[in-house]
Structure formats: C-alpha cells, structure tokens
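Protein sequences appear in the order of chains A and B.
Residue numbers for the first sequence follow the working numbering, beginning at 1 and rising by one.
Residue numbers for the second sequence follow the working numbering, beginning at 1 and rising by one.
Relax, there's no trap hidden among the hints.
For the chain A half of the interface with chain B, some residues (derived, Cβ under 7 angstroms), not all of them:
1. H9
2. M27
3. F105
4. I108
5. S109
6. L143
7. L207
8. A254
9. L255
Dumping the calculated BS3-like pairs for lysine-lysine here, alpha-carbon to alpha-carbon at most 25 angstroms:
10. A/K6 x B/K104
11. A/K159 x A/K182
12. B/K207 x A/K6
13. A/K100 x A/K159
14. B/K104 x B/K207
15. B/K207 x B/K111
16. A/K6 x B/K111
Just so you have them, the derived chain A footprint on chain B, three or more residues with Cβ under 8 angstroms:
17. 123-132
18. 138-144
19. 180-188
20. 234-247
21. 275-287
In short, the hints are calculated from the structure, not lab data.
A virtual CB, placed ideally from N, CA and C, is assigned to each residue, including glycine.
Next come the chains, spelled out residue by residue.
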Amino acid sequence: MRVSGKLFHALGLAVVVVFTLFPFFWMVAASFKTQADILATPPVWFFTPTLQNYQEIFADSKVIGAIGNSLLIATATTALAVLLGAPAAFALARYEFRGKSDLWFWFISNRMTSPIVLALPVYLLAMQANLLDTHIVLILIYLTFNLPIVVWICTDQFKSIPADLEQAARLDGADQFTIFRKIYLPLAAPGIAVSAIFSFIFSWNELLYALVLTRRAAQTAPVVATSFMSGYELPWGKIMAAGTVIVLPVTIFALLVSRHMVRGLTMGATK
Amino acid sequence: MSASPAKPNRGYGRWTPAWFLAPAVLTLFLIGIYPTLFALVTSFRRYNITRPRDGFPFVGLENYVTVLTDSTFWSSLFLTAQFYLSVLPIQIVLGLAIALLLHKPGMGMLKSLARVTLVVPLATTYAVVGLIGRLIFNREFGVANQFLDLMGIAPIDWLGTPAGAFAAIVIMDVWQWTPFCALIFLAGLSMVPGEIEEAARLETSSKLALLRYVQLPYLMPGLTSIMILRSADVLKLFDMVFVMTRGGPGSATDLISIYIQRVGFRIFDLGTASAQALLLLVITIIISRLYIRLLYREVH
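For reference, chain A alone in the conformation it holds in the complex (with noise of 0.2 angstroms):
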C-alpha cells in the first residue's frame, strides 16, 4: 500500500513535468528539424539536429532588430516603472492620507483592464501627434500594467522595514526624502528586484499594443515571429528558432522570481 502510493505520487508529478514542458520541448524540438522533419507525418521524435534555422534568424535583421526594440522597449519602460513606481510604493507603505483606497483601486484596475480599451485611443493619439511605430508610444503604454505591478510589491517589500529605522533616522534630523534614499531604497532591493524582473517579462511578452502601435521600426520580437504567419509555405522551424529565442531570457527570469510568481500575477492577493 505505501510503496504504491508511492509510486503513485512519483507518478503523478512526472505527468506534471511533461505536462508543463511538452508544449515548450516540442518548440524547441522543431527549431532544430528541417522543414521536411516537421512536415512529415505521422511526426518524427528522433532526427538529426540542425542549427539552420537558427542561422536563418540570427542572418535576418528585422529579427534582430526586433530583438534589439523589444530589448530597449522593455528595459526603458521597467527603468521608468521603477523610477516612478517606487517612491509612490513608499507613500502608500507609510502615511496614511484620503483616497488611499481610492488610488489602490485604480492601480489593480489598471492590472486587469483588457490593452484593447487604450489601443484604441492611443492609436488615435499617437497618430496625431505623429508616433505611431515610435519606440517611446510602446515604453509608455507598457507603464500601464507595470506601474501598478511594481507599486504593489514595492509597497510589500517596504512595508516589511521596521519603523524603529526610520525613528533612528528622524531624531538624527534626516528629512523623508533622505529616509527613503538612504534606507529603504538599500533596504528594500530584493523587492525592487523582483518588481522589474517581472515587469520586464510582461513587457517583452506584449503583443497587442505592440501590433497595433508599429509598423516596421519600432516591431517587437514576438510581433516579428507572428508576422512570419503568412503565406503559403510556412518557414516552420525559422517560427519556431524565433520563438525559442523569444521565450528562453524571460524563461531564465521566471525561473528567478519563481517564489514570487504568485505574488506578482495576483497582485499580492494571495500570500
């Protein structure tokens, strides 16, 4: 009985991992076939490795220049996050003051909201004001969901410093702003840490905002990978190489703030 149970639940978290990686493994699996490797059927499981498609991307420039927008893209608009999101962190952690509530509810509405109810407006927007297919429309929408993301495990992260501190600090006569440089910024940069982490990931993972927004200089990697969605003849393992390199830096991120992955999706919800 308790060397089946055993075997049972060895069992049942290996189907996990298979179940998790299958979708990912066969990805990658098809970014190292030949065309007529992934064309043939029934599909093939054992082949001989190529690294064609992979030069195939890594020749193209418009995958490494979306690469680079989406790189310069998600790294701006995590600095800004950062920059604006963490000072506001800091006043929602420690005064109280009218419309807190007020100002949360709007943060964790901006979470939730579908990008599609702003694309519309900012499309029309940025097109007067001659922006469209700029990098700086997509680093500036993107605040939308990272700010709050950011605010919210700031305010976590910075709740978490005893008050004794910042006393300390007071009676040598350190102003607030002083407080929050000297002390909480050091203090707390696990926490800021993660915020961008995550906030890099959401931004590197966009699509709607980012297909509807550019054209051709300011395209991101993943609208650059659907693109290759058209047509006939489907370049299959080139989708799939692009796809792999797409996914595998915010993979390596995830897995670093994996202890706060429910954190971050839930906007601290759930503990």
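Chain B: place on chain A using the hints.
Relative to chain A, chain B alone:
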C-alpha cells in the same frame, strides 16, 4: 505595518506623500485616464478613419445603440463567457490536483523539479503559445493528432473546424494557466498550520475528509482570487487566440478582445470599437471592485 502619522517636521508635512506619489499618478493619468477620456469622446462620434472626408461628426449615443443591438457583439461576449466556463473548471480541478501532489510529503527532488517547471508556461510569451498551438494542432503534421491516433481516434481538423478550434484554444489556455491555479492552491495548502494538519491526519485516513474539513477553508481565498482574476484575464485574452485562429474559423473563437480589435483595426470603425471597449471597461471595473471587496479587506 506601523501607520506612522505625519508629524510636523522637515519633510513630514501634510503634502509629503503627494511629492512621492505625484510622478506615478501624473504618468498614469496621462497614459491611462486621458486616453480613456479620449475614447469616451470618440465613442460619441462617427469615426471611421478610412473615410476621413466625412469628418468625425458627433452622433450622440448612436454607437452605443449600434453596439447594444449588434448580435455579433453579444455572441462574442457570450462566447467569452463560454470560454471562461470551459477553462475554469479544468484549471481548478487540475490545479488542485497538482497542488495536492506538491504538498504531499516526500519525493523531494522530483517535487522541486515539478514546482519549478510550473513557472515555464506562465512565463511563455502569449503570442508564442499561439505559435506552438499552430504547430501542435496542425491537421497534417500536428502532434495532437498523433496522440489521438495512438488512442485509436481519427484525426481532427483542429483549427479548421469551429469545435476543433475552440477546443484547441481551451487546451492551450489550460496548459498556460493551470500552473497559476496550482501555485495559488499550493500557497493556500501551506497556510494550514502544521500541527492541525498532523492531528487531522492521525484522526482520519480519508484524504477527502482532510481536504473538505481542514484544507478547504485555507483554499477559499485562493479560489475566489482565481475565479476573479481568470475572468479579467479571459476578457483580456488576445495574443494567443489571435495568433492561433484570428477568431476563426467563422466566429468560432471570436472572443471579445479579438472582436473589438477587428472592428477597430480591420474595419477601422473606431467610434463603434470605442463604445465596445468602454462597455468592456465597465465590466472590468465591476470585476476589479469585486476583487478588492473580497480579497483586500485586510489591507485597509
């Protein structure tokens, strides 16, 4: 959690929090509220940018009447609800099963591995999930049909038939978001005080009784949070479905965000699309209120 009241001192004035908040609030106002107001104005206009010569005249509530009497809009909302009701039970049941497997003592290494791999689907770029779906569910060389063949089931034209396409996007969504439910439930299970769980395990050998009477109360907040967040996420869902099916075949996978995107950026009827988007926003605000009411009570 000490609420330190503002004291009259340098930098402790009544307006100190405002200085810290202002940059974030002003930015969100500029990129969030201002465009929303602009959408509100647009929703009262006839605004088709493929016909700029007509101008963009104000038409009052005409767009809203169009939307509310548009059967496609309603069937798209209905389809979104159907999608939500299809994925949610599967994700909850599978998520709970996975959480229980991960909570069970023993199997250290394998458990850590499973726990870590759960993060992979969650981080996968949603558009790339769609690309993978196109590959897996291909009628000729897709691996999904190979699995069916192993079970003696005839191949399905997944993405070419309405039922097949709907099933395919449900499966990909289940793949991506079951780990989210599992991690939330796992967090709930680990909140059960150790001694209570131990005592209950000695009391009863029934796993079901343990789950029902000891663990369930700790799982409830997570369950509420899953139901609300998933509903908001399904209303937002665009990337994966757009890449996999573009809402088709026909309108079989035409979820609400896909539909509004098409009205706005394929038909370029931005007046109608804005009215639709604002109705969607109203639904989202109700959901957010619910979320805060039910889950953030302790924060305030």
